[in-house]
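Participant: So the protein sequences, as listed, match chains A and B.
Oh and the first sequence: position 66 is 66 in the working numbering, straight run, nothing missing.
Oh and the second sequence: position 72 is 72 in the working numbering, straight run, nothing missing.
Some hints could be false.
Facing chain A, from chain B, some residues (calculated, C-beta under 8 Å) [said to hold, decoys possible]: (1) 55; (2) 87; (3) 89; (4) 93.
As a list, the in silico PhoX-like pairs of lysine-lysine whose alpha-carbon atoms are at most 20 Å apart [unchecked claim]: (5) 24(B) to 101(B); (6) 53(A) to 97(A); (7) 118(B) to 96(A); (8) 94(B) to 94(A); (9) 24(A) to 97(A); (10) 24(A) to 101(A); (11) 29(B) to 53(B); (12) 96(B) to 118(A).
Derived from the structure by calculation, the hints contain no laboratory data.
Computed from a predicted model, the values in this text were never measured in an experiment.
Backbone N, C-alpha and C fix where the C-beta goes; we use that ideal spot for every residue, glycine too.
Number of protein chains: 2
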Amino acid sequence: MNPVTADRRHFEDLAMGEVIPFGKVTVTKDMIIEFAREFDPFPFHLDEEAAKKSLLGGLASSGWQTAALSLRMLGDAFLNNVASMGGLGFSDLKWKKPVMKGDTITGSATISGLRRSKSHPERGIVTLDFDIRNQRDEPVMSIRLANLVALRDPTAPITGEPAE
Amino acid sequence: MNPVTADRRHFEDLAMGEVIPFGKVTVTKDMIIEFAREFDPFPFHLDEEAAKKSLLGGLASSGWQTAALSLRMLGDAFLNNVASMGGLGFSDLKWKKPVMKGDTITGSATISGLRRSKSHPERGIVTLDFDIRNQRDEPVMSIRLANLVALRDPTAPITGEPAE
Numbered sequence: 001m002n003p004v005t006a007d008r009r010h011f012e013d014l015a016m017g018e019v020i021p022f023g024k025v026t027v028t029k030d031m032i033i034e035f036a037r038e039f040d041p042f043p044f045h046l047d048e049e050a051a052k053k054s055l056l057g058g059l060a061s062s063g064w065q066t067a068a069l070s071l072r073m074l075g076d077a078f079l080n081n082v083a084s085m086g087g088l089g090f091s092d093l094k095w096k097k098p099v100m101k102g103d104t105i106t107g108s109a110t111i112s113g114l115r116r117s118k119s120h121p122e123r124g125i126v127t128l129d130f131d132i133r134n135q136r137d138e139p140v141m142s143i144r145l146a147n148l149v150a151l152r153d154p155t156a157p158i159t160g161e162p163a164e
Numbered sequence: 001m002n003p004v005t006a007d008r009r010h011f012e013d014l015a016m017g018e019v020i021p022f023g024k025v026t027v028t029k030d031m032i033i034e035f036a037r038e039f040d041p042f043p044f045h046l047d048e049e050a051a052k053k054s055l056l057g058g059l060a061s062s063g064w065q066t067a068a069l070s071l072r073m074l075g076d077a078f079l080n081n082v083a084s085m086g087g088l089g090f091s092d093l094k095w096k097k098p099v100m101k102g103d104t105i106t107g108s109a110t111i112s113g114l115r116r117s118k119s120h121p122e123r124g125i126v127t128l129d130f131d132i133r134n135q136r137d138e139p140v141m142s143i144r145l146a147n148l149v150a151l152r153d154p155t156a157p158i159t160g161e162p163a164e
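Bound-form chain A, shown alone:
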């Protein structure tokens, strides 16, 4: 059960520019309403009639649901096979188009950074740029995520510019 196991991909196994294609998920009315009730209870995420009158013009998923579903797609496509030690944070999330009832989202993540930690030589930091799209190949969300990944060999010398 320990995620940091030898058969998972470690920091040394990752390459700059690697593109990770995601699976896909169709966002149903029930999913939209269930998520919104718990976290983002706005009329345009809860009620079809109110949603029609809103800026979005119909029942739309919470943008935070799109983010959470994107995380899940990253897990299925990548992180579940990586010696991940947890997330550090993310930056520059942009919602570009609403995700409406019945839309199917997919996308990819590209490895845009690989740095060793100076203070913790057993840890590396991978930066992932997400490009999430709908079934018409229109971008709906982008985000940059930073995640800790264990090194297979923490004694290897640090090359490149390390993180703190």
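Given the coordinates of chain A, work out where chain B should sit on it, guided by the hints.
Facilitator: What follows is chain B alone, placed relative to chain A:
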């Protein structure tokens, strides 16, 4: 049901520096596991024994759950009484400490930006800086959110530096 109704606070009613105190929520084992199963199925969010061996040292909430719960606290304390037209995105999310089973999170948001939209004079953009803390008053997460808010009077001249 339309969120943009006269009795809600509009863009003109918001003030730079306003601090919005949040309510609080206790993160239970069941909440952690339910969220993680759907969005972030890592052993350290799903299994107490595996979690003890991880970097986090025990069952910890997904950081994305902390973000979603913070959004909910913002809704209850602020957005549900504001003529919000939806979120634009956020930046600089940082997870500072893990949120463990049984922790209670609370915090506040501070209005750090108020800009009119140049292309859509009926819209304003409010920037909110979140400071989320646990029951020991330790910071656990920060994030900056940008949200659209309707103007009460879109014909008012734009002062200050507008957004695009």
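Participant: All the hints need checking, so say for each whether the structure fits it.
Facilitator: Going through the hints against the structure:
Below 8 Å, beta-carbon pairs count as interface contacts, and residue 55(B) has one with chain A at about 5 Å; its hint therefore holds. For the restraint placing residue 87(B) at the interface with chain A, the shortest Cβ-Cβ distance is roughly 5 Å, inside the 8 Å limit, so the hint holds. Restraint check, residue 89(B) versus chain A: the minimum CB separation of about 4 Å is within 8 Å; hint holds. Given hint, residue 93(B) at the interface with chain A, holds; its Cβ is 5 Å from that chain's nearest Cβ, closer than 8 Å.
At roughly 15 Å between alpha-carbon atoms, residue 24(B) and residue 101(B) fall within 20 Å of each other, so this suggested pair holds. A hinted pair counts as satisfied when its Cα atoms are at most 20 Å apart, and residue 53(A) with residue 97(A) qualifies at roughly 17 Å. About 18 Å separates the Cα atoms of residue 118(B) and residue 96(A), which keeps this hinted pair within 20 Å; it holds. The suggested pairing of residue 94(B) with residue 94(A) holds, with an alpha-carbon distance near 16 Å, which does not exceed 20 Å.
With a C-alpha separation of about 17 Å, the suggested pairing of residue 24(A) with residue 97(A) holds against the 20 Å cut-off. At most 20 Å may separate the alpha-carbon atoms for a hinted pair to count; residue 24(A) and residue 101(A) meet this at roughly 15 Å. For the proposed pair residue 29(B) and residue 53(B), the alpha carbon gap of about 17 Å is at most 20 Å, so the pair holds. For the hint pairing residue 96(B) with residue 118(A), the CA-to-CA distance comes to about 18 Å; that is within 20 Å, so the pair holds.
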